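**Q** The task is simple: from the sequences and hints, build the whole structure.
Residue numbers (our numbering), protein chains in the order written: chain A, 1 to 745; chain B, 746 to 1020.
The reader is advised that the hints may include incorrect statements.
Derived lysine-lysine pairs resembling DSSO-like cross-links, with alpha carbons at most 27 Å apart [what the hints assert, rightly or not]:
#, chain 1, residue 1, chain 2, residue 2
1, B, K828, B, K798
2, A, K650, B, K898
3, B, K938, A, K638
4, B, K798, A, K638
5, A, K650, A, K471
6, A, K531, B, K834
7, B, K871, A, K671
8, A, K532, B, K834
9, A, K218, A, K232
10, B, K939, A, K638
11, A, K206, A, K308
12, B, K858, A, K650
13, A, K218, A, K287
14, A, K650, B, K890
15, A, K20, A, K494
16, A, K638, B, K871
17, B, K858, B, K817
18, A, K650, A, K375
19, A, K621, A, K532
20, B, K798, A, K621
21, A, K206, A, K218
22, B, K871, A, K667
23, A, K20, A, K87
24, A, K699, B, K798
25, A, K638, B, K834
26, A, K650, B, K871
27, B, K862, A, K667
28, B, K862, B, K828
29, A, K456, A, K589
30, A, K130, A, K294
31, B, K862, A, K671
32, B, K890, B, K871
33, A, K471, A, K456
Honestly, the hints are just simulated from the structure, not real lab data. These figures come from a predicted structure and were not determined experimentally.
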Amino acid sequence: MFKTDVQKLRNALEFTRVYKENANDIYLREAACMDFQLRHILVPMDENDGIAGRYEHDFVGFSSQVGGIYTYYFNEHEFLNAYMACKQNGEITAAEDYALQAVQAYWHEENTARKVELEFSKCYGYVPPKAFPGAGVGNCDCRVAGTNLDFEKLIRLGFDGLDQEIDRAAEVNGASSFYTALKLWIESLRGACERYREQALVLAEKAETEEAKTRFTKLAEALLNIQHSTPKTFLEGVQLMWIYAVSSDIMNYSRMDDYLGPLYAADIDAGRITEEEAVQTVLYLYKHFKEINKIHDCRVIIGGVGRKHQKEADRLAIVIMDASRRFRETVPQLTLRYYSDMDETVFRKAMEVNAEGTTFPIIYSDETNVPAVEKVFGVSHEEAEQYVPFGCGEYVMVGYSVGTPNNGINVLKALEIALHNGLDFYQNVSCGEKTGDPAQFDTFEKLYDAVLAQLKPTIDRFAVHKYLNYKIAGENAPYLHLSLLLNDCIARGKATFEGGVRYLNASSEMFGIISCADSLTAIKTLVYDEKKLTLPELIDVLDHDFEGHDDIRRMCLSAPKYGNDDDTADDIATRLFTDIADLTMAAGKAAGLDHYNIVSVNNSMSAEWGNFCAASACGRKAGSPMANANGASIGADKCGITALLNSMSKFDNTKHVGVINNVRFTKELFKGSMDKVEAVLKAFYDNDGVQTNLCVIGKDDLENAMVHPENYQNLLVRIGGFSARFVTLNPIVQREIIERTTYGA
Amino acid sequence: MRDLIFDIQRFCVYDGPGIRTTVFFKGCNMHCAWCHNPESFSTDAELLFRHEKCTPCGACTAVCPNGAHEIKADGTHVFDRAKCAACGKCAEVCPNDVLELSGREMTVEAVMKQIDKDAKYYRSSKGGVTFSGGEASLHFELLKKLLTACREKGYHTALETNGLISAAHLKELIPLTDLFLFDFKHSDPDALKKWASAPLAPILESLAALEDAHAHVWLRCPVIPGVNDTDAHFVRRFVRSSINIPVLKRPRSWHTMTSAKRNGTRWGYRIRSPR
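**A** Laid out in structure tokens, this is it:
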């Protein structure tokens, strides 16, 4: 904490003044607000820094996604806590007190997310729930998360080059306050560099070691050079990217090996730096990642087709992986894009870093994903080559699209509600569709249709919510930091959300899709095919959480399960997946988005939301975790790793914009038979496999870590869309992780 | 004799090169004291009983046509193997996987359907299919059909054998088999008799026949402390140089797994833990 509460309250007053003074022009208003904000949120450097740029946000400000809200945000809860504390301590004057109350009342209504809420409720009469404890099949938020900017362009042009590009466009399209604001934004960034440069000089002066003196002297020089010139060294490249990212709350860093590779290679080849020094520079960057600690974001992408500087990029990719191996933290979410004729040494390094239990790099298959992205987004091959997974694994195309994922859909909950004719049984809230008395479902198809009917209205409404999320963001702000580095905005003279960005996409996150599919398979098998019991009888057993019916639970557990390469179960999983994907795509088109697609990428909410779901026919007890993303029902994959991967390969990859496949190996197998594991993974990536989240652990590590957490502080596990230190997880999630299958020999 | 298969395991990494699917045939013509697949001894189907997992709910007693299961008043589950006809009804209703029927008849098509599922992994890893057991060659006709079917698909084939095969059968198997995993357990005839109830001479004949045919052979064996971990077994030059020297790639903690599995069968266990 470098600011006191009272300072943050005063910043809120000032920010509000700047906002109101510029109310008549959204472009200049944002530029002025951002300039003010950058002067107050950037934390001064300290003697441990090697790259400049840390931030601490204020209660009111502008951001794509700070704290999970967006545009002009207001952290009202924190604001009020601070206000009450400062008032009690007598730290604010009477005039300030009055002004702060006015500010609170003002932002309560004026924050942009609130405007979306109001607009949505005008359409549908309610505000959608924000998180999983609410009843019903869905929840959603306002954000512009996950945009991957064209940092290659930033590095190639530098600030002056960007200025010139704006000038040229203004000559063609005519001057506008949009262009003026973009240039003001660049000037604000120069100002941030200059302030950090001055701090670096002071730190160099005060340095107690030669190493520190040199470090800060070089950094000061870099911070001066990048204010106008294009970066000439690796350090300058890293610093330029970072000052941009940290100033704009960008949390996914696109294809870092490609945009920094040439600078790295030139430095090494000229003997300016050693590989070790490059690793240290990367680690100084990682230190900032860790401080921000956005474990669900923070993607750094390496490898893949469609890089401009493949050779240099591959060289840097090795350095970046080595930094991750040493860093051994939950961030960055280092991600390697595989392709069949990639450099073998890069792939081998990825295997070795994973073998050490780092959970990184996550590996994505370009063989599968580039052609799939081309179809799902309807884009050119060249554009599709720029796909990157962000956050937990949703795709955007670097520089070409936005694709925020702001909502969760609980597919298992839809089944629960369908089995109770509109009642969320666990929550005892009647909030679903009246899809009919399940006793009347005389065929499996009727039940299946009822599940989709439970989902459709929410999917439709959330598509509208996404549309409003962008529309209202655009009405309030040009998002200068995005518009500057997203293709077409400058050329068209339009800000990101007023027609600037080439593709206005969004994604919708599925939860419990496999738990629902396995439940449907069990119902189809036991009720409709084998007629071992009726649907009402089964529902009654589920409502009583299998109490006194171990026999029926066993039948449910023994029914075919996804993840075993068994077509009976896999067919229902893929069918359900495709049907929901189609509903979502159609809803997006109807709402006015370019593309709205499902993702099956989960964080720990698959476990936590499961805590609010009744028992299910897959054999899951009430309140238990749901299967994570495209992983099998917990512990239900029993036919070996190849069977699991085969099941995971069966989904139609032209229907989604991200799935994740959690696969856990024993250290003994992964290290002892690395060639064979590599062969399995490559066969998967070459044959419709999308990606793998690898987790490599010692055989008894997880159980031991629950008993002796003190000995396992560094034990990293992959949950789904993020990695975590096992010992820090809540016990529900820990237990779910333990019960997943670990593949050994 | 029925041709029973008791397991098909995918992603096997120790049964030959690359990634393999291993098919386990039921029935063996040796009886090794250390065998960790004791359910493979008998050529008949049999019930496996893992008493340590029993709750005991009594579901099995209700369905057994022969009264082989009994739950005593103190909750002890007594299984009378003599009465068991291995019909498998109890295994179907057991809620805790205490009971399992080991050994089922499978057609060539059914086995191949399982094998085919991992074809892409065989290709990517230069792996293939391994036939094991028990002693797979006891099921000569079915084995031959499966080896032929694998050949037609282009899969690398391996046969794990103890070498106790008739010369005529071996001669027919050689052209269908890319690799013999020859489990050469002991080179002393008396010790082999004592520990595996098997004669040495026909095994050496099989080895010679393989060598004469220039078959690809990996000699291997589980290293059993106090039984065969002797220089005489490992250093002795009993075959010509073209055959690989025995290498045990990965000694495993065989004894813990074995003792647990043994408890579930009729077979006792006479090897003591090396520790």
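**Q** Hints first: check each against the structure and report whether it holds.
**A** Hints, one by one, checked against the model:
1. Our distance criterion of 27 Å between C-alpha atoms is met by K828(B) and K798(B), whose separation comes to about 22 Å.
2. Taking the CA atoms of K650(A) and K898(B), the gap is near 22 Å; set against the 27 Å cutoff, the hint holds.
3. Using a Cα cut-off of 27 Å, the hinted pair K938(B) and K638(A) is violated, with the two alpha carbons roughly 38 Å apart.
4. Taking the CA atoms of K798(B) and K638(A), the gap is near 18 Å; set against the 27 Å cutoff, the hint holds.
5. Our distance criterion of 27 Å between C-alpha atoms is broken by K650(A) and K471(A), whose separation comes to about 36 Å.
6. At most 27 Å may separate the alpha-carbon atoms for a hinted pair to count; K531(A) and K834(B) meet this at roughly 19 Å.
7. Under the criterion of a C-alpha separation no larger than 27 Å, the hint pairing K871(B) with K671(A) is consistent with the structure, at around 19 Å.
8. Taken as a hint, the K532(A) and K834(B) pair is honoured in the structure, with Cα atoms around 16 Å apart against an allowance of 27 Å.
9. For the proposed pair K218(A) and K232(A), the alpha carbon gap of about 12 Å is at most 27 Å, so the pair holds.
10. Straight-line distance between C-alpha atoms of K939(B) and K638(A) comes to about 38 Å, which puts the hinted pair past the 27 Å bound.
11. Using a Cα cut-off of 27 Å, the hinted pair K206(A) and K308(A) is violated, with the two alpha carbons roughly 41 Å apart.
12. Using a Cα cut-off of 27 Å, the hinted pair K858(B) and K650(A) holds, with the two alpha carbons roughly 17 Å apart.
13. With a C-alpha separation of about 19 Å, the suggested pair K218(A) and K287(A) falls inside the 27 Å cut-off, and the hint holds.
14. Under the criterion of a C-alpha separation no larger than 27 Å, the hint pairing K650(A) with K890(B) is inconsistent with the structure, at around 30 Å.
15. Proposed proximity of K20(A) and K494(A) is supported: the alpha carbons are some 23 Å apart, at most 27 Å.
16. Taken as a hint, the K638(A) and K871(B) pair is honoured in the structure, with Cα atoms around 24 Å apart against an allowance of 27 Å.
17. Distance check on the hinted pair: K858(B) and K817(B) sit about 44 Å apart at the alpha-carbon level, beyond 27 Å; violated.
18. A distance of roughly 17 Å separates the Cα atoms of K650(A) and K375(A); the hinted pair therefore holds under the 27 Å criterion.
19. The suggested pairing of K621(A) with K532(A) holds, with an alpha-carbon distance near 20 Å, which does not exceed 27 Å.
20. This hinted pair checks out: K798(B) and K621(A) have alpha carbons roughly 21 Å apart, not beyond 27 Å.
21. Simply put, K206(A) and K218(A) have alpha-carbon atoms about 15 Å apart, close enough for the 27 Å limit, and the pair holds.
22. Restraint check for K871(B) and K667(A): the C-alpha separation of about 23 Å stays at or below 27 Å, so the hint holds.
23. Between the alpha carbons of K20(A) and K87(A) the distance comes to roughly 25 Å, so the proposed pair stays at or under 27 Å and holds.
24. Under the criterion of a C-alpha separation no larger than 27 Å, the hint pairing K699(A) with K798(B) is consistent with the structure, at around 22 Å.
25. Of the pairs offered as hints, the one joining K638(A) and K834(B) holds, with about 22 Å between alpha carbons and a cut-off of 27 Å not exceeded.
26. Distance check on the hinted pair: K650(A) and K871(B) sit about 24 Å apart at the alpha-carbon level, within 27 Å; holds.
27. As the CA atoms of K862(B) and K667(A) are separated by approximately 26 Å, the hinted pair is consistent with the 27 Å bound.
28. For the proposed pair K862(B) and K828(B), the alpha carbon gap of about 39 Å is over 27 Å, so the pair is violated.
29. Of the supplied pair hints, the one linking K456(A) and K589(A) holds, its CA atoms being roughly 14 Å apart against a limit of 27 Å.
30. For the hint linking K130(A) to K294(A), the alpha-carbon distance of about 19 Å falls within 27 Å, and the restraint holds.
31. Restraint check: the Cα-Cα separation between K862(B) and K671(A) comes to about 25 Å, which is no more than 27 Å; the hinted pair holds.
32. Only pairs whose Cα atoms come within 27 Å are accepted, and K890(B) paired with K871(B) is accepted, the gap being roughly 22 Å.
33. For the proposed pair K471(A) and K456(A), the alpha carbon gap of about 23 Å is at most 27 Å, so the pair holds.
In this structure, the earlier hints numbered 3, 5, 10, 11, 14, 17 and 28 are contradicted, and the remaining ones agree with it.
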